[in-house]
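What follows is the residue order along each chain.
2 protein chains.
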Amino acid sequence: MARTIMGAVVSLDGYLAKLNGEIGPLFEWYDNGDVEWRFSEKQEESARTTKASKEFMESVYTDIGAVVIGRRLFDETNGWGGVPAAGDRVFVVTHSVPRNWEFAATAPFTFVTDGVESAIEQAKEFTGDGQVDVAAGQVGGQALRLGLIDQVVMNVVPVVFGAGRPFFAAMGPGQDILFSNPTKVAQGDRVTHLLYDVRRN
Amino acid sequence: MARTIMGAVVSLDGYLAKLNGEIGPLFEWYDNGDVEWRFSEKQEESARTTKASKEFMESVYTDIGAVVIGRRLFDETNGWGGVPAAGDRVFVVTHSVPRNWEFAATAPFTFVTDGVESAIEQAKEFTGDGQVDVAAGQVGGQALRLGLIDQVVMNVVPVVFGAGRPFFAAMGPGQDILFSNPTKVAQGDRVTHLLYDVRRN
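Taken in sequence, the protein lines are chains X and B.
The first sequence begins at 1 in UniProt numbering and counts up one residue at a time.
The second sequence begins at 1 in UniProt numbering and counts up one residue at a time.
Because the hints were derived from the structure by calculation, they are not lab data.
Warning: the hint list may mix true and false statements.
Because identical chains share one entry, a pair is satisfied inside a single copy or across any pair of copies.
Calculated lysine-lysine pairs in the DSSO-like style (CA-CA distance at most 30 Å, straight line) [unchecked claim]:
#1 K18 to K54
#2 K51 to K18
#3 K184 to K51
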């Protein structure tokens with residue numbers, strides 16, 4: 001059974017990006033180190049991080065089969081030109097299927113119009129025994145509230161934006177969601193990596 | 001010259017409390033360990049934490065001379081019955097001095113009606129070479145935006161509230177505020193302690 005992991009790079013005050021979409025120094029750590037590596041074979045550009053960051057990322061993301069994202073990320077990246085940034089298939093949660101997307105015929109993208117739960121179910125079925133990466137933000141927040149997330153990874157950058165797009169978005173008040181103590185902690189340069197299991201109560 | 005430190009216990013999604021003021025499991029770590037200690041001689045109740053939490057807290061809070069808080073915390077605690085929870089004097093940022101406070105005649109409390117900057121200035125002058133503890137939230141957020149904070153400590157509890165009163169409040173969009181990499185990290189039980197220096201650019 002596939003496991004779901006929700007993660008992202010996040011400012012110390014909990015934002016994935018500023019209100020205007022800019023990300024400031026959130027990805028400095030991804031290019032300021034001595035150790036060169038690739039997140040997956042498909043990536044063209046390699047990362048250059050500390051050894052600690054490389055080891056954390058490689059130990060956490062071992063086998064991503066599919067990715068679940070929201071419509072905004074899809075639109076902002078134009079679906080990464082039809083090539084998934086990770087995994088073999090992307091499930092896009094959206095109210096309507098985009099018309100005339102130039103890569104629609106060949107890209108391994110599925111547009112899911114009946115909600116986050118359905119998208120995650122389809123992604124898990126596709127993935128088999130691997131990992132389903134659920135984007136933090138609106139989609140991840142809804143999934144977490146629905147009890148559909150197994151692990152959370154936060155790559156915390158020591159910067160405060162003051163306002164922005166939250167990592168834990170679209171949740172609203174409700175029951176406390178308890179996580180384990182962090183099961184992995186790693187200190188990179190301009191990033192602190194934290195991995196949690198979501199407790200099932 | 002006194003140093004200013006802004007800190008608090010905070011949920012993983014960045015809240016000091018829920019919208020209704022409840023704190024859920026934020027202080028479990030303060031009473032779930034084997035090591036007994038007191039934050040200051042004035043405290044009646046001792047903490048029982050892990051050794052790691054005790055050592056972190058004692059190494060960070062070495063010499064609190066004064067505390068700066070907002071009016072809400074003052075009202076919610078009734079000024080801790082006129083006895084500062086830490087430090088020798090409390091500076092309360094408020095629009096108006098409370099009338100008929102029962103402890104007004106004897107309590108070492110100063111009500112500051114001309115803003116956060118003035119309160120911190122007075123607290124630093126009072127403190128001399130020690131630490132001024134600035135409450136996170138509205139007051140701390142304003143002070144951070146004004147460049148008046150030297151260090152930030154976050155005691156992060158692995159719980160997600162979904163909504164609440166933010167640690168970094170009242171900031172709004174603006175220039176990025178960069179911190180150092182954490183200068184101390186400690187893992188307790190149900191809390192991760194992080195200490196940062198605020199960089200001056």
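What hint numbers does the structure not satisfy?
-> Result: no hint breaks.
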